[in-house]
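Number of protein chains: 6
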Amino acid sequence: MAGRVVRTIERADASVIDGLAHAGVATVHEAQGRIGLLASRLRPIWPGARIAGSAVTISAPPGDNWMVHVAIEQLKQGDILVLAPTSPCEDGYFGDLLATSAMARGCRGLVIDAGVRDVRDLTQMAFPVWSKAVFAQGTVKATLGSVNVPIVCAGAAIEPGDVIVADDDGVCVVRRADAASVLTKAQAREANEESKRQRLAAGELGLDIYDMRGKLEAMGLKYE
Amino acid sequence: MAGRVVRTIERADASVIDGLAHAGVATVHEAQGRIGLLASRLRPIWPGARIAGSAVTISAPPGDNWMVHVAIEQLKQGDILVLAPTSPCEDGYFGDLLATSAMARGCRGLVIDAGVRDVRDLTQMAFPVWSKAVFAQGTVKATLGSVNVPIVCAGAAIEPGDVIVADDDGVCVVRRADAASVLTKAQAREANEESKRQRLAAGELGLDIYDMRGKLEAMGLKYE
Amino acid sequence: MAGRVVRTIERADASVIDGLAHAGVATVHEAQGRIGLLASRLRPIWPGARIAGSAVTISAPPGDNWMVHVAIEQLKQGDILVLAPTSPCEDGYFGDLLATSAMARGCRGLVIDAGVRDVRDLTQMAFPVWSKAVFAQGTVKATLGSVNVPIVCAGAAIEPGDVIVADDDGVCVVRRADAASVLTKAQAREANEESKRQRLAAGELGLDIYDMRGKLEAMGLKYE
Amino acid sequence: MAGRVVRTIERADASVIDGLAHAGVATVHEAQGRIGLLASRLRPIWPGARIAGSAVTISAPPGDNWMVHVAIEQLKQGDILVLAPTSPCEDGYFGDLLATSAMARGCRGLVIDAGVRDVRDLTQMAFPVWSKAVFAQGTVKATLGSVNVPIVCAGAAIEPGDVIVADDDGVCVVRRADAASVLTKAQAREANEESKRQRLAAGELGLDIYDMRGKLEAMGLKYE
Amino acid sequence: MAGRVVRTIERADASVIDGLAHAGVATVHEAQGRIGLLASRLRPIWPGARIAGSAVTISAPPGDNWMVHVAIEQLKQGDILVLAPTSPCEDGYFGDLLATSAMARGCRGLVIDAGVRDVRDLTQMAFPVWSKAVFAQGTVKATLGSVNVPIVCAGAAIEPGDVIVADDDGVCVVRRADAASVLTKAQAREANEESKRQRLAAGELGLDIYDMRGKLEAMGLKYE
Amino acid sequence: MAGRVVRTIERADASVIDGLAHAGVATVHEAQGRIGLLASRLRPIWPGARIAGSAVTISAPPGDNWMVHVAIEQLKQGDILVLAPTSPCEDGYFGDLLATSAMARGCRGLVIDAGVRDVRDLTQMAFPVWSKAVFAQGTVKATLGSVNVPIVCAGAAIEPGDVIVADDDGVCVVRRADAASVLTKAQAREANEESKRQRLAAGELGLDIYDMRGKLEAMGLKYE
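Protein chains in written order, with numbering that gives the first Met the number 0: chain A, 0 to 223; chain B, 0 to 223; chain C, 0 to 223; chain D, 0 to 223; chain E, 0 to 223; chain F, 0 to 223.
None of these hints come from the bench; they were simulated from the model.
Careful: at least some of the hints might be erroneous.
Where chains are identical, the list cannot tell them apart; a pair therefore holds if satisfied intra-copy or between any two copies.
Computed cross-link-like contacts, DSS-like style, restricted to lysine-lysine with a CA-CA straight-line distance of at most 25 Å [as the list claims (entries may be wrong)]:
#1 Lys195 / Lys131
#2 Lys214 / Lys195
#3 Lys195 / Lys140
#4 Lys75 / Lys184
#5 Lys75 / Lys140
#6 Lys75 / Lys195
#7 Lys214 / Lys131
#8 Lys140 / Lys184
#9 Lys184 / Lys131
#10 Lys131 / Lys221
#11 Lys140 / Lys221
#12 Lys195 / Lys184
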């Protein structure tokens with residue numbers, strides 16, 4: 000039932016969160032076994048942001064942004080707002096005033112499976128947003144939703160306090176309890192990729208580096 | 000029936016139009032009671048433009064841009080071309096040559112629920128376009144449409160001479176007769192927003208500024 | 000049947016290819032009779048690239064990028080990778096490591112009716128991509144596809160060695176055998192456009208330049 | 000501004016309305032000059048219904064069906080409810096209880112650019128609906144909209160009292176003032192079509208019946 | 000990580016499940032507080048089925064139906080297969096042979112956020128399916144997924160053993176632990192609706208039955 | 000270039016065509032190596048049709064059905080019309096009059112990556128159509144296209160005279176030259192499926208029939 004605000008959530012370690020931001024969405028997604036991506040319909044409103052933070056979740060009715068105000072009070076330094084409407088909606092739940100308020104509370108960005116507006120102002124403020132739409136459509140404040148409850152946002156199940164990683168490739172969620180181990184794997188992956196990158200840049204082929212020729216032949220690949 | 004060109008349309012006052020451009024889409028939309036937005040599928044081909052102008056409307060058959068040539072003759076300084084195809088179409092009705100011609104007539108931009116092409120040139124020319132698609136598909140000149148008749152463009156009813164406001168948030172239409180009063184409300188809204196912005200930046204919460212706590216409690220919101 | 004790699008393909012003349020790049024997608028599309036465009040869902044991941052090259056085609060299963068490795072070995076200087084999944088898919092088949100490898104082989108870019116990832120890196124590397132989606136979703140290497148076979152990519156039939164032209168307007172294919180004659184027509188078209196551009200910039204109307212008034216009247220256009 | 004209910008609307012003549020229903024959507028659309036269609040996303044929830052009636056219009060907030068209750072009081076025998084949400088929404092605004100109430104007031108059907116539910120019951124009740132979606136998502140009763148104001152529904156501008164025609168081909172609107180003349184043209188068209196149908200069934204070609212061969216040749220059609 | 004099959008899951012009481020099937024999707028969704036719906040893109044391949052059962056969940060790679068065979072072994076009488084691909088896919092994971100096998104194991108139906116094929120056969124077999132697409136595209140058996148793990152299917156989080164309710168309105172999930180209490184509320188709702196239905200059929204208005212007039216007036220609704 | 004009509008095309012053997020119809024889309028698609036499907040957006044306008052025939056192809060401008068009249072003259076007994084618009088379009092190119100004419104020429108059905116209308120009539124006439132949309136939007140006769148040239152329809156490359164197979168699962172194309180061998184493989188596949196169906200109906204598992212357990216274990220599948 001709607002109408003709940005959970006005040007106390009646990010968060011991952013700040014250094015782990017920052018490490019995940021540095022690794023980026025694609026690497027983190029691979030490191031945790033190719034899970035956790037939000038749908039590709041979520042796109043950044045301006046390019047170049049790469050952030051991670053703890054999810055403060057919002058379940059909001061279509062066209063009603065009242066719960067965003069409620070959620071902002073629950074923000075702590077380093078958090079990311081994550082909003083899922085209770086049915087598909089592209090209205091502009093969020094603009095420059097809410098961003099001003101969220102930034103004052105230490106918020107690092109917004110992930111929203113709906114619309115945003117004032118995107119020129121948000122860009123100038125360097126407030127990063129990943130959204131389904133840019134749409135100026137105003138919203139009302141008439142019906143309750145919930146804050147810091149489990150949600151499904153753009154196809155991914157998210158718990159409050161989970162780590163959200165977002166960059167130009169999209170958005171990924173990491174379970175809070177897994178964050179440290181995922182970071183370790185992500186860093187190992189990055190180290191491994193660097194050596195591969197140098198060999199590939201020198202002209203070596205993935206077919207040889209990854210030793211694929213035998214398996215391709217066994218599968219029946221024919222060169223003509 | 001297609002095949003009509005209305006030569007004489009009324010336009011709003013130039014200073015009112017410029018004021019609406021300055022206010023921007025989101026504020027104008029709110030100021031007139033949350034109406035008038037065109038659908039979010041219309042996106043700018045380059046970021047940063049913020050314009051307003053009087054609509055010269057075009058109803059065009061799918062894949063036929065003949066009426067754009069007809070419409071350009073009807074342009075006056077400060078107008079915006081607004082094109083709605085008679086059935087869904089994403090062909091490239093408009094490119095750099097038509098933009099050159101339109102700019103020579105004083106046109107401020109194009110709003111089109113279809114496609115455009117030559118977008119690199121249009122960007123270099125700083126000619127703003129809001130379109131449903133970027134698509135190089137060529138069009139023919141074989142069938143009549145109409146110019147300066149009422150149209151529905153991207154879900155909004157538009158009369159010739161209505162004021163079109165467009166920026167990074169999308170496109171909004173204001174009835175010509177309402178333009179002055181909407182501007183007054185938009186300016187009042189902007190003034191009000193500025194003081195809110197400062198209080199929010201200082202860390203005050205919307206919950207307190209807008210006095211929401213009592214109503215939320217009355218609605219049954221529970222903090223856990 | 001899947002599992003074929005054609006090693007030897009014919010390519011168009013390098014100077015013809017470069018000429019087509021200079022003409023750009025819209026002009027080339029018009030010059031060859033308004034054919035050859037790929038669907039508008041393919042968009043560049045960064046603006047401003049304008050390339051042409053010979054198609055090295057990839058038919059790949061959904062969510063499986065094994066054949067990209069196979070295709071990279073077949074690249075020659077000036078080629079463009081063109082990937083069509085065998086069923087609709089938006090997974091991230093391609094990222095910075097594959098781009099590093101492709102660039103080392105002289106590849107000019109990627110056209111893919113699916114997703115890519117590492118788009119920030121690809122942008123910094125100035126490796127151009129036209130894709131249906133940006134999506135970090137990882138892929139597997141488990142099932143064969145084919146390389147350098149005829150494919151349908153984003154609605155256009157493409158043969159290996161066909162010339163691919165791509166810019167901010169999208170992507171166009173030119174049959175290898177037609178490339179030289181299309182270039183001739185494209186250059187004639189550009190020359191013709193330049194004089195039109197100057198007349199239009201000076202305020203002349205397309206209605207007059209293209210002598211449309213009589214035909215419009217004959218069709219029944221009424222001015223009111 | 001929202002919050003208006005217009006009690007008195009004019010309606011077209013009942014016999015004209017029934018004549019338009021008999022002619023059907025495609026014929027009526029052609030008869031009035033190929034205008035008035037609502038977008039093809041509106042589909043019947045069960046096949047075979049062919050109705051016409053006077054539009055009682057509803058402008059409703061996303062996810063809020065309060066105004067449907069208000070509109071039902073305004074229904075007269077032979078009316079059709081036409082609902083447009085103020086922003087895109089597919090929630091289930093309407094189900095079997097509302098249909099029971101609407102039928103008790105003489106309502107002939109519902110046209111809605113949003114969702115409906117209880118479609119099995121609606122089918123058994125033979126209550127026809129054309130909708131954008133079937134979705135069980137519940138709605139609230141918290142925010143005002145308007146009844147019997149001009150709306151844009153699925154891309155078509157509709158005035159209260161306009162005639163709505165709907166069948167398996169979709170939905171068409173006829174201006175109330177034009178209804179009689181459109182019916183006359185539709186009936187003429189039907190008569191003309193019948194003779195064409197017989198000739199075509201006998202094997203005559205449209206190329207000959209419509210005398211197209213000369214014009215095709217003049218346009219340059221080549222037979223090989 | 001993929002590659003897990005959970006053999007033992009708990010299921011709700013059979014009589015509760017059957018009661019939920021009788022109540023139907025819309026009523027169950029309302030009874031549990033307007034939660035649990037799967038996205039409206041899931042549509043029945045034939046009309047009229049109304050089922051409920053325990054979810055046996057499948058997480059499957061795009062274009063790979065190997066895990067369906069694995070899942071069928073885990074079926075018990077009264078279960079429903081629920082498949083979510085790990086990235087968007089519309090391939091035909093399931094056809095008449097798999098349905099034959101599933102029915103032999105007591106399976107009541109399939110819910111799949113992807114494609115199915117052999118729909119004529121499935122219809123004749125009266126095997127109900129709710130799917131995103133009908134598509135004959137074949138799949139491979141090359142990569143592992145998981146069975147009876149938590150999934151997100153068409154936007155809803157589903158645990159193995161949760162109750163799935165599906166009918167012509169779509170698909171709803173009920174947490175296993177909540178099933179009995181939701182059924183109680185659903186039955187109360189149905190009883191209440193019946194009396195409303197009779198009053199509405201007799202011509203009473205929802206405005207009066209639900210006592211809305213005062214609140215509408217207080218909100219500012221104006222009758223003209 | 001548009002404007003060509005090829006009068007003489009080769010067709011596959013009639014008994015082969017009829018055999019492919021009997022096998023159906025899914026089986027034919029599998030038999031030829033999982034190729035040839037048209038996109039799933041093409042859906043039958045009424046259920047139950049299962050046809051095959053020789054493709055008479057139409058390339059038509061958006062919103063212009065002139066070439067359908069030209070194509071009907073080229074039909075022979077057992078042919079299927081296959082129309083691809085030159086850019087995306089959902090207008091109603093085809094209705095009951097054209098169907099009457101096509102049936103008089105022996106046409107078995109229509110496959111169209113655009114819209115149709117008069118679907119109630121087409122259903123009563125038992126004329127099968129697979130289309131992208133049902134839309135009453137009228138078309139013009141103003142611009143040339145071509146008949147019996149190679150086209151790409153809904154993502155599949157089709158040559159005139161290729162065999163089209165269509166049923167409730169969608170549409171598949173078989174190269175004319177491959178038709179006989181594909182039929183042989185399809186029939187073998189059907190025979191093989193029948194024995195599988197009986198074993199599955201008796202409760203045997205695909206895991207055992209297809210001997211999958213060892214390979215799953217080798218891949219690392221874990222039962223918990």
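Each hint, compared with the structure:
1. Taking identical chains as interchangeable, the C-alpha atoms of lysine 195 and lysine 131 are never at most 25 Å apart, the minima being 35 Å within one chain and 27 Å between chains.
2. When the C-alpha separation of lysine 214 and lysine 195 is checked against a cutoff of 25 Å, the pair qualifies only within one copy, where the shortest distance is 20 Å, while the shortest distance between copies is 31 Å.
3. Taking CA atoms no more than 25 Å apart as the test, lysine 195 paired with lysine 140 passes between copies only; the shortest distance there is 17 Å, against 53 Å inside one copy.
4. For the homomeric pair lysine 75 and lysine 184, neither the shortest alpha-carbon distance inside one copy (27 Å) nor that between copies (36 Å) is at most 25 Å.
5. Taking the closest pair of Cα atoms, lysine 75 and lysine 140 come within 25 Å of each other only inside a single copy of the chain (24 Å); across copies the shortest separation is 34 Å, beyond that limit.
6. For the homomeric pair lysine 75 and lysine 195, the shortest alpha-carbon distance between copies (21 Å) is at most 25 Å, but the shortest distance inside one copy (39 Å) is not.
7. In this assembly of identical chains, lysine 214 and lysine 131 lie within 25 Å of each other by CA distance neither inside one copy nor across copies; the values are 41 Å within and 30 Å between.
8. Taking identical chains as interchangeable, the C-alpha atoms of lysine 140 and lysine 184 lie at most 25 Å apart only when they sit on different chains, with a minimum of 21 Å there against 43 Å within one chain.
9. For the identical chains of this complex, lysine 184 and lysine 131 are neighbours neither inside a copy (30 Å) nor across copies (30 Å), given an alpha-carbon limit of 25 Å.
10. When the C-alpha separation of lysine 131 and lysine 221 is checked against a cutoff of 25 Å, the pair qualifies neither within a copy, at 43 Å, nor between copies, at 29 Å.
11. For a Cα distance limit of 25 Å, the shortest separation of lysine 140 from lysine 221 across copies, 17 Å, qualifies, whereas the shortest one inside one copy, 63 Å, does not.
12. Taking CA atoms no more than 25 Å apart as the test, lysine 195 paired with lysine 184 passes inside one copy only; the shortest distance there is 17 Å, against 44 Å between copies.
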